[in-house]
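If you follow the hints, you should be able to join the two separate chains into one complex; please do so.
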Amino acid sequence: MRPAILNPYVVALRCRDKIIATRVLQRAGVPVPQTFVAAEVGRLAPLLSSGGFGIKPYRETGGHGVVVVRKPEDLAGVGYTEGPVFAQRYHEPDGRDRKMYFIGDDVFGVKRVWPPKTYGDKLGEPISVTPALRELVLRCGHAFEMDLFDVDEIVSGCRPYVVDISSFPGFKGVPDAPVRLAGLIHSTCIKALSAGSPMPSPRVPA
Amino acid sequence: MKLHFMVVRRVPPVPSPVLLEVFAILQKRGFEVQAEIAEESLLRSDALAVRSDLYVLKSHTELSLSLAGVLHAQGAFMLNPYLSCTGTQDKIVASHRLRAAGIPVPATWVTADLSLLRPIVDTTPLIIKPHRGHRGAGIYIVSNRRELAAVPPPASPVVIQEHIPGTGEDLKVYVVGDQVFAVRKPFSADSFARPGRPCRVSSDVHQIALRCGEAFGLGLYGIDLVESPDGPVVVDLNYFPGYKGVSNVAPLIADYIHDYAEGRISLELPSLAAAPYEPAFENTLAR
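Chains as they are written, first to last, in my numbering: chain A, 1 to 206; chain B, 1 to 287.
Be aware that one or more of the hints could be misleading.
To be verified - Chain A is nowhere near these chain B residues, computed Cβ spacing over 12 Å in every case:
| no. | residue |
| --- | --- |
| 1 | 27 |
| 2 | 153 |
| 3 | 169 |
Claimed, not checked - Examples of chain A residues lying across from chain B (beta carbon under 10 Å, computed):
| no. | residue |
| --- | --- |
| 4 | 22 |
| 5 | 26 |
| 6 | 33 |
| 7 | 59 |
| 8 | 139 |
| 9 | 141 |
The hints are simulated quantities; they were obtained by calculation from the structure and are not laboratory data.
Backbone N, C-alpha and C define an ideal beta-carbon position, used for all residues, glycine too.
Chain B extracted, bound-state conformation (with noise of 0.2 Å):
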């Protein structure tokens, strides 16, 4: 059986040692395996063909994602599947399916216009992200209307969260299937390619972290969650993360990806029952 992992060039530029380990335990156990990062490549989009019995979709890059779209469209085997995967890098379609879940985010906003939000900063720090960032990148932290005017005009729109305080440390949740795993770590531009502290998984956390997984139909998968004084909140879900800080991982993701491939495990992006209407527009025509 092929296996097609769709990877990413990572910062700093050395192979992920958690993929590798993956690698070898599905090489030993009969599967051919092959990892490719688009970035490195020159690719004739018009002429890409599904060559692979389960395409393994780690990388979050547009260009991997783009790939993806073309693979799924001629009905690729994925995981986790391709519109779990764009439905969770879309922050806006994120938050709203995460909501309709009944999982606690923070209240969230989506504009392409910041000038919109200064009634909502009057009242409330905010935290605006790219809707379809990564690694939290371009993101603000605005408590005023000052801070909120010295934001640069966004290219595409931003999510805009309630900014809800915390312990100043990211609670990250690692999930391999129904086993779920959390590190500690402090938020920072370049935290992501840093391991946490293990710590222990409340029963909260862990039925927040498996609704998510539920939600969006995701197999392989992170959450960050703000520990606040009203109890854990979601505010970022990945799927297939780098499970860093996570001991011993690799055999959990390997029997994963093995029984997904071999149809023990099936996922699926479920539907959402349509929720009760209410204005979602904030006073737009009223400034």
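With the rest of the complex left out, here is chain A (with noise of 0.2 Å):
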């Protein structure tokens, strides 16, 4: 039998590249910030005259080495020399972030102060999920064929928008967190062992 990988690597790999995650979200109906690429930080400048970017690595996660800039001066501050410059454009939020998780059929969500810097931050406020929410984390989840993972989402302007996806968070702020994770887990190992081949292709999102 070959084993087992929750999440599957190839999803897994599309997530953790934002380039790609923005797209597979996008194609999928998610709403996401407009998304540029380069490969040098300065070919933005022309474009902050209409907004201003959140910079970010392209391949990290948790919010690490996140850059507003909104003037073309503020470009000399972001620190990338390698590989390609993500960009997408900042809405300034409404008011705090919002973590929602995915475990299995279940979707929790706290409300978050961006960046956080203590564990009490990073643990949020619970929220209550309304069917939207549940039906944009749904979307995400469907988008990436994945069973655990978490996005961010702001709201501005009273508009959505989805800004980070990550396969298998921490799941801070969750009630019962490790028994949720246990259970899918163990109920992941029933499946694979009865199906034998237990490494599911993402699908190509239509």
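Here is the structure:
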């Protein structure tokens, strides 16, 4: 029997690369900010007259290395020298960010300050998951065929934007997360054993 | 039929004569050929859609690989196949796949902490490579603990291989489908930009080269070999190389692309059979 990987390798590969992940989300109808990629950060300068950017390392997760630029002089403060530049139009959040977690079929959410500075900040404050929020999270999961992930969502001008997705996050703030996680891993093992060939290949979004 | 070549800015920045000839041949046959250097553009990646019948991934840059990933996720037809290219570019994945296919490769380790190599460098010289490196950048050869300590801490994981003494020259093998060519050239920091001297392909090397293609689902690729006292050993593998030093190769590449585009050839990254269990971690807790 071939070994199973949770989440599947190709899914994690796509999810880890923000350039790929953003397009997969956008194709699935998930609202994402306008996204640009370039080899050098200076190429963004002409576009700053029509709005700022959040520039992120294209392979990092958890909000590491995010720099907000609003004018050409700010571009000098972007420290990445290797790899593609990943830039999304910056939308000023109306309030705190929302981190939405998905385990199996369950959706949870917390409101968090950004960037989080303390463990308490990371735990955030639980929010009730509205049908619209649940639908948004399910849409993200369906796009990647993932059972374990989180998405970072901001609301700006009353419009939601998904600004990051991570496979297998820390599930901070999710009630009974260890039990839920163990349950999902257990059921995945049982499925893998009964299927014999448990390496699902991700569906290409239509 | 529309062909889109994802190419790289070359060093020096002049178009590849081999590729220009390939384009001309394909255009004469009625293909619409487009070539783009991702590094020279500002792209809306959230709007990138499949607009060509075949994408030919020639560039090895991270930006091109990410854009290829965007196209692959939308079902683009690609040469070489996207997953074959990502598997080749990541030396951790590649070294395992080569070994699993029974291809002779050096003993290989992976770590982000070079101090773990101390007991190993006591017994054999090592070559340290970035796990997603290309063109020989960021490579260190160390023969003892002092030289190991002088290597800067890696920013990302490195692949470490037993450094196999050879003839002092790389044997570079280039493959187009089932046709195998070889050149020899001394290894140096800029040797990737220089053509080698054509040389005969031994039956051993011919067989190893074709097995590499089968193991990765590649049709246009190159391998670097060291000719050790125990026989040829594969030390690097690249999709769609420059074919520098191979004469009259453009018509063969054009034929291959033509056949692939029209479905007479297909490629796929094969599944590996599960390997028997053996401990893969070197004694990391017993330092």
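Going down the list of hints, with the structure as the test:
1. Look at residue 27 of chain B: its CB is around 28 Å from the nearest CB on chain A, clear of 12 Å, so calling it non-interface holds up.
2. The claim that residue 153 of chain B lies off the interface holds: its Cβ sits roughly 16 Å from the closest Cβ of chain A, which is beyond the 12 Å cut-off.
3. The claim that residue 169 of chain B lies off the interface holds: its Cβ sits roughly 30 Å from the closest Cβ of chain A, which is beyond the 12 Å cut-off.
4. Checking residue 22 of chain A against chain B: minimum C-beta separation of about 5 Å stays under 10 Å; hint holds.
5. Nearest Cβ of chain B to the Cβ of residue 26 of chain A: about 5 Å, under the 10 Å cut. The hint holds.
6. With its C-beta approaching chain B no nearer than about 8 Å, residue 33 of chain A sits inside the 10 Å limit, and its interface hint holds.
7. Because the closest C-beta pair between residue 59 of chain A and chain B is about 8 Å apart, less than 10 Å, the hint holds.
8. At a threshold of 10 Å, the smallest CB-CB gap from residue 139 of chain A to chain B is about 15 Å, leaving the interface hint violated.
9. Proximity of residue 141 of chain A to chain B is violated relative to the hint, the smallest CB-CB distance being about 15 Å (cut-off 10 Å).
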